[in-house]
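There are 2 protein chains.
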Amino acid sequence: MTASQTRTAISPTRREDYPEWYQQVLKAADLAENSPVRGCMIIKPWGYGIWELLQRQLDDRIKATGHVNAYFPLFIPLSFLEKEATHVEGFAKECAVVTHHRLEERGGKLIPTGELEEPLIVRPTSETIIGHSFSKWVESYRDLPLLINQWANVVRWEMRPRVFLRTTEFLWQEGHTVHASEKEALEETHKMLEVYRDFMENVLALPVIVGEKSAGERFPGAVSTFTCEAMMQDYKALQAGTSHYLGQNFAKASEIRFTDEQGQLQYGYTTSWGCTTRLIGGIIMTHGDDDGLRLPPRVAPQQVVILPVIPKPESAQAVLAYCEQIKKHLEQSHAFGLPVRVHIDQRDLRGGEKNWEWIKKGVPVRIEVGPRDVDNGAAMVSRRDKLHKDKESVAVAAIGPKVSQVLEEIQQTLYREASAYRNAHIREDIETLEELRAFFGGSSEGQEAEGGFVLAKWCGEPGSESLLDDLKVTIRCLPLKQRNTTGRCIFTGKPATTDVILAKSY
Amino acid sequence: MTASQTRTAISPTRREDYPEWYQQVLKAADLAENSPVRGCMIIKPWGYGIWELLQRQLDDRIKATGHVNAYFPLFIPLSFLEKEATHVEGFAKECAVVTHHRLEERGGKLIPTGELEEPLIVRPTSETIIGHSFSKWVESYRDLPLLINQWANVVRWEMRPRVFLRTTEFLWQEGHTVHASEKEALEETHKMLEVYRDFMENVLALPVIVGEKSAGERFPGAVSTFTCEAMMQDYKALQAGTSHYLGQNFAKASEIRFTDEQGQLQYGYTTSWGCTTRLIGGIIMTHGDDDGLRLPPRVAPQQVVILPVIPKPESAQAVLAYCEQIKKHLEQSHAFGLPVRVHIDQRDLRGGEKNWEWIKKGVPVRIEVGPRDVDNGAAMVSRRDKLHKDKESVAVAAIGPKVSQVLEEIQQTLYREASAYRNAHIREDIETLEELRAFFGGSSEGQEAEGGFVLAKWCGEPGSESLLDDLKVTIRCLPLKQRNTTGRCIFTGKPATTDVILAKSY
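For the record, the sequence lines run as chains A and B.
First residue of the first sequence? That's 1 in our numbering, and the numbers climb one at a time after it.
First residue of the second sequence? That's 1 in our numbering, and the numbers climb one at a time after it.
Certain hints may be false.
Identical chains blur together in the list; that is why a pair holds if it fits in one copy or across any two.
As the list claims (entries may be wrong) - Here are the computed lysine-lysine pairs in the DSS-like style, where the Cα-Cα straight-line distance is at most 25 Å: (1) Lys136 with Lys63; (2) Lys252 with Lys354; (3) Lys391 with Lys312; (4) Lys252 with Lys109.
Hints in this document: simulated from the structure, not taken from any laboratory.
All chains should be modelled from the sequences, with the hints used to inform the complete structure.
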């Protein structure tokens with residue numbers, strides 16, 4: 001080990017080099033890695049385990065609000081994209097194009113043959129192909145609302161990929177709904193935004209600011225886009241999920257029409273909303289520390305790891321039997337309404353090495369068990385949200401309820417810490433463009449920028465925010481929670497009509 | 001309704017035209033449909049609901065046997081396929097090839113641009129790309145066994161697609177494992193075959209014959225392939241799942257090597273195994289009748305539908321409140337260890353129409369509730385495995401346990417009926433090639449073939465079964481359960497060494 005590694009398990013630290021710290025946590029926690037296909041990632045079992053837990057809990061909420069899952073094709077005919085010009089303009093330009101359907105061997109090489117009459121696009125999002133189905137499924141007002149969700153992989157060619165945050169292929173859910181009125185469709189858009197907020201805050205322990213996107217940041221083709229914005233520890237915003245009200249735009253492009261109660265043919269009002277594997281990046285960057293990942297217990301593939309400590313071979317049997325007994329106790333206990341997930345790490349490795357591996361992987365609770373614990377009928381419990389050397393001896397008889405309680409506490413701690421961090425880095429007192437530029441690092445060289453979110457006043461004039469383009473600062477959202485702002489716009493000096501959150505972002 | 005439809009809900013019947021009956025069940029049960037992309041299907045909510053239940057129960061079994069899920073890229077570099085010649089020869093020729101990564105607009109048309117240096121293949125199966133990862137993940141015997149599973153979409157260009165049975169894109173799970181010895185890898189191959197058998201028989205109520213594939217039917221590149229073969233109601237076999245022992249073939253192509261306990265570098269022994277959305281086709285074709293789908297309760301998205309019967313508007317409130325009460329009772333009851341899944345169909349449709357819709361969708365239990373039932377504190381229960389007019393009045397106080405019991409009975413009935421049907425159509429007494437040809441429809445015109453499975457004697461000579469190629473009859477498997485066959489091979493007349501199952505197939 002180098003000197004740096006003895007201080008923290010991850011090197012560099014967050015302060016030293018945040019992007020590199022992120023890469024090192026991915027590696028140390030064995031979450032995911034780059035693949036030989038440029039821009040695509042391999043999600044390793046520990047990372048995919050997080051995704052499965054996240055997916056199931058979000059899926060439950062999507063179903064509880066009346067939606068059902070379905071599955072649409074991976075491929076979209078090129079002509080479908082030509083129908084929705086705005087959408088393509090903003091979206092579909094960087095995508096994977098399938099042009100052939102056969103390989104032939106010629107001199108040891110495989111050559112693409114069987115050229116398609118019409119190229120196919122690997123879906124970057126499914127509005128157009130789902131719209132085509134909806135146009136056939138919807139006939140009457142009795143068919144509405146149509147509330148569909150899909151879990152799928154999508155592809156958007158990325159020039160600067162980063163695992164989880166921005167990859168050519170990623171996994172997501174995309175909800176697509178049709179309603180009989182603008183009012184209902186807007187209600188749906190807000191309902192799903194609230195489902196996302198609740199899920200992010202209560203399951204992922206990610207505090208988010210919910211709000212509307214400005215025109216410049218809207219989903220291509222949408223009437224309005226709503227977003228959940230989280231702050232990472234480098235003060236950048238992560239757009240964690242979006243919910244779009246599409247008006248009749250896509251319904252007109254796809255001919256989604258219904259006969260209303262008066263017998264009139266009307267275009268439907270549609271919405272779409274999505275969350276992706278990027279959320280895992282958000283978990284890492286919000287909760288991780290200089291020793292690696294810290295997982296919210298609700299999405300930890302293992303919530304508890306039991307580490308047998310066997311100083312002499314003759315104590316092995318007794319210690320392992322005792323570990324099994326603790327495991328059973330815990331599996332009969334519950335946290336968040338589900339049985340506790342427990343793993344005994346019996347690998348033949350040094351205790352310290354094992355312990356640090358699980359710290360880096362972010363497992364919420366570690367339980368060490370040695371011969372003395374067997375004699376005492378107890379075990380040493382450590383928490384990932386406390387100092388690693390803090391250990392509490394817990395009697396086996398009490399270990400189930402104790403661990404359940406600790407898991408719920410850790411979930412709350414992570415949320416509380418993330419909220420405090422974010423709140424401490426939202427500035428509400430910046431009133432001039434000059435101050436703003438200085439805050440975001442646009443001042444004279446050598447001076448370190450403070451960074452964070454700025455809650456500022458805006459006049460709403462499209463494009464006026466482009467004054468910060470050189471700093472890569474954008475309007476993240478117009479928060480739903482407004483202060484009834486008066487005064488002057490920070491960009492134009494005109495009368496302000498709304499609050500906005502300004503930040504750099506992923 | 002036509003005269004034919006008053007006799008059965010599905011027209012044509014299975015006897016009249018089995019392939020068309022299948023298409024009509026897909027439609028009547030609203031399971032899936034063809035998409036505008038040739039060969040790709042759209043899985044509608046009722047069909048996808050079956051997939052979700054199937055997936056969760058199979059996934060639980062895959063995890064219970066020590067496997068973990070991960071996710072690998074959708075795309076495979078062309079050069080990866082060139083490494084495994086046998087595999088490509090048998091597999092990867094009909095596939096989707098991505099050659100460009102951008103679209104540009106020219107005169108209102110979108111044109112593929114940004115040609116890739118190396119084309120990418122949309123995965124037809126992931127052996128090669130997963131093998132590449134495994135070669136980096138595996139270093140020492142301590143890393144073995146490596147037990148990974150993936151749920152994903154795959155693409156194999158299909159010239160004659162049929163929804164669920166054979167589609168260009170389909171959903172599946174693919175297990176990929178690496179072991180230190182041939183013995184362990186073979187054990188794994190058989191373990192997963194048994195997981196499949198248990199899952200198919202006990203969850204899907206599909207009786208299957210497990211056995212080994214003959215050389216001609218092996219997975220390309222495998223040393224041995226094992227299969228679960230089910231009989232559909234047209235007597236054709238459906239290959240429902242396969243488990244492959246790959247020896248060191250893929251390990252050598254992908255350089256998967258490990259240092260053994262003696263410090264020697266060895267190639268690993270690998271396996272792979274998969275089940276697909278084709279299983280839904282198997283459920284339809286095994287359990288469906290002339291009135292539509294019949295769903296095994298374990299995979300029914302709704303196990304019970306409650307149908308309010310409201311002759312006069314003034315009784316609506318009382319009937320609906322009573323339906324809600326029954327729903328609550330049922331949701332607190334369990335079947336197969338899970339809460340009963342119940343839906344109240346409140347749509348404003350005629351009662352008969354609703355009732356028939358649910359019959360066609362295959363919901364196991366229907367409960368009709370009218371004003372008289374409210375007065376009597378009872379409800380009329382009908383089962384999809386009995387005559388539609390058979391209704392039993394059940395007291396509300398007893399309805400929970402009653403429905404739980406009925407669901408378990410229906411699950412058993414479907415399995416028992418399918419087993420009886422299959423067993424009645426396996427012939428063990430066919431001893432000559434002439435009889436065999438006649439049985440499979442190769443005899444003089446006008447005479448109807450009997451059809452079914454034939455358990456015959458075989459000498460094991462590769463290619464000898466090609467005598468039935470014109471009838472599209474193949475060796476489905478060499479059943480694991482052998483009769484210690486002696487006598488003559490039905491093809492060559494040479495001494496027989498094994499039993500085989502012969503059949504036409506999907």
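Verification of the supplied hints:
no.	hint	result
1	Lys136 with Lys63	within (23 Å within a copy, 40 Å between copies)
2	Lys252 with Lys354	neither (59 Å within a copy, 32 Å between copies)
3	Lys391 with Lys312	within (23 Å within a copy, 69 Å between copies)
4	Lys252 with Lys109	between (47 Å within a copy, 20 Å between copies)
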